[in-house]
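**Student:** Position chain B relative to chain A; hints supplied.
Protein chains: 2
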Amino acid sequence: MQFTSEQHLDDGVFEREFTLGEIPGTLWTPGSAPAPLILIGHNGGLHKREPRLVARARHCATHGYAVAAIDHPGHGDRPRSATDEQARADLRRAMATGEPVDEIFESFVGPLVEKAVPEWRTTLDALLSLPETAGPVGYSGMTAIGIRLAVVEPRIKAAGFFAGGYVPRAQREEARQVTIPLLFLLQWDDEGNPRQRALDLFDSFGSKEKTLHANMGGHAGTPWFEVEDGDRFFSRHLK
Amino acid sequence: MQFTSEQHLDDGVFEREFTLGEIPGTLWTPGSAPAPLILIGHNGGLHKREPRLVARARHCATHGYAVAAIDHPGHGDRPRSATDEQARADLRRAMATGEPVDEIFESFVGPLVEKAVPEWRTTLDALLSLPETAGPVGYSGMTAIGIRLAVVEPRIKAAGFFAGGYVPRAQREEARQVTIPLLFLLQWDDEGNPRQRALDLFDSFGSKEKTLHANMGGHAGTPWFEVEDGDRFFSRHLK
Numbered sequence: 006m007q008f009t010s011e012q013h014l015d016d017g018v019f020e021r022e023f024t025l026g027e028i029p030g031t032l033w034t035p036g037s038a039p040a041p042l043i044l045i046g047h048n049g050g051l052h053k054r055e056p057r058l059v060a061r062a063r064h065c066a067t068h069g070y071a072v073a074a075i076d077h078p079g080h081g082d083r084p085r086s087a088t089d090e091q092a093r094a095d096l097r098r099a100m101a102t103g104e105p106v107d108e109i110f111e112s113f114v115g116p117l118v119e120k121a122v123p124e125w126r127t128t129l130d131a132l133l134s135l136p137e138t139a140g141p142v143g144y145s146g147m148t149a150i151g152i153r154l155a156v157v158e159p160r161i162k163a164a165g166f167f168a169g170g171y172v173p174r175a176q177r178e179e180a181r182q183v184t185i186p187l188l189f190l191l192q193w194d195d196e197g198n199p200r201q202r203a204l205d206l207f208d209s210f211g212s213k214e215k216t217l218h219a220n221m222g223g224h225a226g227t228p229w230f231e232v233e234d235g236d237r238f239f240s241r242h243l244k
Numbered sequence: 006m007q008f009t010s011e012q013h014l015d016d017g018v019f020e021r022e023f024t025l026g027e028i029p030g031t032l033w034t035p036g037s038a039p040a041p042l043i044l045i046g047h048n049g050g051l052h053k054r055e056p057r058l059v060a061r062a063r064h065c066a067t068h069g070y071a072v073a074a075i076d077h078p079g080h081g082d083r084p085r086s087a088t089d090e091q092a093r094a095d096l097r098r099a100m101a102t103g104e105p106v107d108e109i110f111e112s113f114v115g116p117l118v119e120k121a122v123p124e125w126r127t128t129l130d131a132l133l134s135l136p137e138t139a140g141p142v143g144y145s146g147m148t149a150i151g152i153r154l155a156v157v158e159p160r161i162k163a164a165g166f167f168a169g170g171y172v173p174r175a176q177r178e179e180a181r182q183v184t185i186p187l188l189f190l191l192q193w194d195d196e197g198n199p200r201q202r203a204l205d206l207f208d209s210f211g212s213k214e215k216t217l218h219a220n221m222g223g224h225a226g227t228p229w230f231e232v233e234d235g236d237r238f239f240s241r242h243l244k
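First to last, the protein sequences are chains A and B.
Per my numbering, residue 6 is the first one in the first sequence, and the count goes up by one each step.
Per my numbering, residue 6 is the first one in the second sequence, and the count goes up by one each step.
Just chain A, with the same shape it has in the complex (with noise of 0.2 angstroms):
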């Protein structure tokens, strides 16, 4: 792991861009060590430093936990493969006609989970070795990795999932395994997450403790609140 860039921010949050092999990520810690491990996953065409989730990724840094972000495969600073940029323009053509979008979604996201998860599973070995970071871990953000990363790597403790995008029939089957803690966000209205789908998905999670928390509005409207609720449930969880 090496860091490219490092700057001390004025809530006090120490941010420091890093590589690892072909991954560049960005690591946000509080001033006080060691500090248990978020990781921030983030999809569709986001970017790490996207200014939502850099906001998200500080405001939890400054309640005292490590948190860091990877742009996955075909996101944000990395390249894009000749099939990523066809599936990108598949998606658009589709959701512009009104044709339906499901089999387009299953062909990048399926993909995606199967080459991020590793990527993550990496960046995790090489961030608990930093005197900066100590378990458990929790995982925030996009559902299908969430699901993928929640039942492979034992590490991570509790999940908050954005029921946003698409989840792969793999993730959507594999969710009754997933057993951790779950705090699952829903935006009633998203235009691109059946809610009925969202609502089934969340039955499915093995989980003992689950909780739902629905909202108004549509995919990029979940208010502010929820992250203050997303860190009142990892303090439950992680410290």
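Some clues are possibly wrong.
You can't tell identical chains apart in this list, so a pair holds if it fits in one copy or across any two.
[Said to hold, decoys possible] Heads up, simulated SDA-like pairs for lysine to any residue below, C-alpha to C-alpha not over 20 angstroms straight-line:
| hint | residue 1 | residue 2 |
| --- | --- | --- |
| 1 | LYS120 | THR102 |
| 2 | LYS213 | HIS224 |
| 3 | LYS244 | GLU233 |
| 4 | LYS213 | GLY226 |
| 5 | LYS244 | PRO228 |
| 6 | LYS213 | ASP194 |
| 7 | LYS120 | ILE28 |
| 8 | LYS244 | GLU231 |
| 9 | LYS120 | ALA38 |
| 10 | LYS213 | TRP193 |
| 11 | LYS244 | PRO35 |
| 12 | LYS213 | TRP229 |
| 13 | LYS120 | ARG85 |
| 14 | LYS162 | PHE230 |
| 15 | LYS120 | PRO84 |
| 16 | LYS213 | PRO228 |
| 17 | LYS213 | GLU196 |
| 18 | LYS120 | GLU90 |
| 19 | LYS244 | PRO141 |
| 20 | LYS162 | ASN220 |
| 21 | LYS213 | GLU178 |
No lab work stands behind these hints: they were computed from the structure.
**Tutor:** Just chain B, lined up with the frame of chain A:
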């Protein structure tokens, strides 16, 4: 309003029993005054001294709210009419034999709402005339009474509804007239409250800001952290 007993509790809360005409109630106030007021509406056979209700009320009072509960007609310390007794007996018999209970609930809860809401408004007048209380006012508890109160009582600025128990047809219709911020609690496997009906009710509220919190387990299994989430909800809207 006549105070009939008073007690300084070890958490700093001042607890007083009162009567207002036929209405018996309890008022919990924090040391500091004046405090925003939260009305706790309970249901079923419950009593204003039921331990979980009292724990919730005292918790809110230690967080800076004045909190009041009353026994509704036919509840707690109040006399039960022959009609009340008959409805309760019908309900027990129907639940034991697996008969449909909707019409029995309707005949029981419908009139309860009609009687309880004017009593709450009278109680609210009296409570707000005390130096220890100040607007704005929140409501927390039984959904059916809360819907009608939120529709007719402009002093109520935010409400937490517990989606347990039967909501009469009239209140399911009135739900779209509710426009104040809502926190709606749902127990995912509540045997007495079909999940889809609760989700439909949540959908129908007219409020722009409404949040659903769903947790695992049956009717009485709401986790304690929801009381703390309720505090934060009210602090956003009443303070």
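**Student:** Look at each hint and say if it fits the structure.
**Tutor:** Structure-based check of each hint:
no.	hint	result
1	LYS120 to THR102	neither (30 angstroms within a copy, 55 angstroms between copies)
2	LYS213 to HIS224	between (27 angstroms within a copy, 16 angstroms between copies)
3	LYS244 to GLU233	both (15 angstroms within a copy, 17 angstroms between copies)
4	LYS213 to GLY226	between (28 angstroms within a copy, 12 angstroms between copies)
5	LYS244 to PRO228	between (25 angstroms within a copy, 19 angstroms between copies)
6	LYS213 to ASP194	between (27 angstroms within a copy, 12 angstroms between copies)
7	LYS120 to ILE28	within (11 angstroms within a copy, 65 angstroms between copies)
8	LYS244 to GLU231	both (19 angstroms within a copy, 19 angstroms between copies)
9	LYS120 to ALA38	neither (31 angstroms within a copy, 58 angstroms between copies)
10	LYS213 to TRP193	between (23 angstroms within a copy, 12 angstroms between copies)
11	LYS244 to PRO35	within (15 angstroms within a copy, 30 angstroms between copies)
12	LYS213 to TRP229	between (26 angstroms within a copy, 15 angstroms between copies)
13	LYS120 to ARG85	within (13 angstroms within a copy, 66 angstroms between copies)
14	LYS162 to PHE230	between (23 angstroms within a copy, 18 angstroms between copies)
15	LYS120 to PRO84	within (14 angstroms within a copy, 67 angstroms between copies)
16	LYS213 to PRO228	between (26 angstroms within a copy, 12 angstroms between copies)
17	LYS213 to GLU196	between (29 angstroms within a copy, 17 angstroms between copies)
18	LYS120 to GLU90	within (16 angstroms within a copy, 64 angstroms between copies)
19	LYS244 to PRO141	within (8 angstroms within a copy, 35 angstroms between copies)
20	LYS162 to ASN220	between (25 angstroms within a copy, 18 angstroms between copies)
21	LYS213 to GLU178	within (17 angstroms within a copy, 34 angstroms between copies)
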